Amino acid sequence: MSPAPEHRRGTHRADTAPGDRASETHSPDAPVPGGRAPEDRTAEAPVVEPRATAPSEPASLEGAGGDGAGDGAHVETVGAFDIRTMIGALIGLFGAILTVLGLVAFTAAEAAKTGGVNANLWSGLVMLAVAAAFLLWARLEPIRIVVRDNEPGAEEPHDIQAL
Amino acid sequence: MDIRLDATWIDYVIVALYFAFVLGVGWFAKRGVSSSIEFFLSGRSLPAWVTGLAFISANLGAVEIMGMSATGAQYGFPTMHYFWIGAVPAMLFLGVVMMPFYYGSKVRSVPEFMRMRFGPAAHLVNSISFAVAQLLIAGVNLYLLASIVNRLLGWPQWVGLVVAAAFVLFYITVGGLSAAIYNEVLQFFVIVAALLPLTLIGLHRVGGWKGLIEKVSGDGMLGAEQLHTWPGQALSGFDSPVLSVIGIVFGLGFVLSFGYWTTNFVEVQRALASKSITAARMTPIIGAFPKMLIPFIVILPGMIAAVLVSDLTEFKRLTVAGDAAGASATGVTYNDAMLLLMRDVLPNGLLGVAIAGLLAAFMAGMAANISAFNTVVSYDLYQQYVKPGQADEHYLKAGRIATVAACVIAIFTALIAGNFSNLMDYLQTLFGFFNAPLFATFILGMFWRRMTPAAGWTGLVAGTLSAVVLWSSSEFGGLFTLPGQGLAFVSAATAFVVDILVSVVVTRFTAPKPAHELRGLVYSETPRASLVDPDEAELPFYRRPVPMAAIGMVLVIALNVVFA
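These protein sequence lines are chains E and B, in that order.
Residue numbers for the first sequence follow this note's numbering, beginning at 1 and rising by one.
Residue numbers for the second sequence follow this note's numbering, beginning at 1001 and rising by one.
Source of the hints: derived by calculation from the structure; they are not laboratory data.
Fair warning: this is a prediction, and the values are worked out from it, not measured in the lab.
Selected chain B positions facing chain E (in silico; Cβ < 10 Å): (1) Val1190; (2) Pro1347; (3) Leu1350; (4) Gly1352.
Virtual Cβ for every residue (Gly too), placed ideally from N, Cα, C.
Input sequences plus hints: build the corresponding full structure.
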């Protein structure tokens, strides 16, 4: 059982009741031009997950009294910083390094340590496969988020929720 | 002490790459350039698999990796109890029972709960003991960090401690903690990527599973007892199998385990970052499944090291024979089990991955301890009781001083940690002092409306003191001895029982808070509507808490039976 109990003062949670969903104002396939993130990449593959139909609910209070357009709400695709992409990138990089090592640097001394198995090569290949799986998953089922600006002076500049 | 890991430049490159990723994300996060990062870090609406993995990864640190392998080397299979009895049931309980309450209540951190439920006295006691615990545990992480530095570069211990402490300070300042969720999930995969090959190669070297069984049964020390999880007398320290089972199930399985998982708000906060009550409940339940399998990559390496690495075998033989001087002359302890196996079995390349994983885990662990210390000292102690009403910058500055002070103090608490040949003994003891009474007070306070503020703090103090007194009477006074981790289990159970008794007695003589002040803090005062998710019934069974928890329970019982 690991240590480090921690209570994070910085994690501000808006007291949204469970199930509270901001109403969706734009089609997910047409992000508002001028949207922010440079890594924004809409997936080419057909969207696998069903389109979320938000029940009509009162507009979020952060919008300036209106129903979306006034607070810059738009839908983005989580791109390069999708956690699956990061996992795929890091493990893929490690996998590539290990595979190369396994191919060129497998010496007799190493074989003695591992009992004859080319550990770097095998581990490297498995890591590459796992990385590929994550990158594929991230590409086929992208996470979409709704970003809207908060009023100035709010704790966070944007309100971001999953679609 | 001459254990060196023969790392080459490629290993260092791999380690550097890992930190570049993590600090890079942290750097981007601090600059606020990407809403994708904000989405993952602001803690809203994350998919359950991410929160589930972060949940167990936040827990997969120094203790799991080094402590479990050390205990595996020392006792063998009974170590599995820490997972199958000491974690999984509590995690399932957390998901099914406690999470709806946390989600629907006002509780966001344990000290905050203490303050709102019981008032300033309990809050003060809790904050102080929490701060002290963080310093002690940070010392453990720092000690382990320094030992890797020592193994890699051969620098003397005190140099390693100072360098490691300085690096953690750098890591905190540059923003390593800002990327927490990324860091944790990445860490999990790197650790598995390192430990799985380590275990497989190790098994290959000892002749496969059969070979391991043979070698362990024939080791001439604890022998085949190490191949059975029950009754686990070597672990619990009780000779009687009945007492041993009771000690493990009640001391570890209930008090220590439930005490940890229900009051550890790092874990709970991971779950609270989910889309809905159902996703929050699913987080620990999803996490329970990989948790069941982790023992195979942390405990087995310890057991393999004990039969494969001659230094360690020698140390074990001398320790079991009671020859303390001879044992320390070998220059290794159980804590070195994992590192020794890495040295003897991993080629360069995989070695780099393993070192990256270990460094990541210890560094993140220590940084989290320091950060928690910082928060509690600046806000719960300094702002509440010493100098309230100042501007924000004042407290930020206090926080920075607290951070640096904590890193320095950790150097000294690391030296304390170094005295224990098996860190698990030390850590379980600490948990017994701090977590057990906290759990008792927390659980009583959550379910018993009538419990008074006075009972809150007196219970905590009494529980902690009783555990400390009991432990000291054995450790220093020699009144009785309980080998293994029996002393820690008994201290924890004592703290729990004393806390409850004192709380009940004090409640009889003091006045409770009025019911309206307890809304959202006591189960019976929390509105039913916020505890239930109306959409849950339509989900498939593998996304629903109760069915999946039932499956988890069946699996963990099966594991107990198979390895009994």
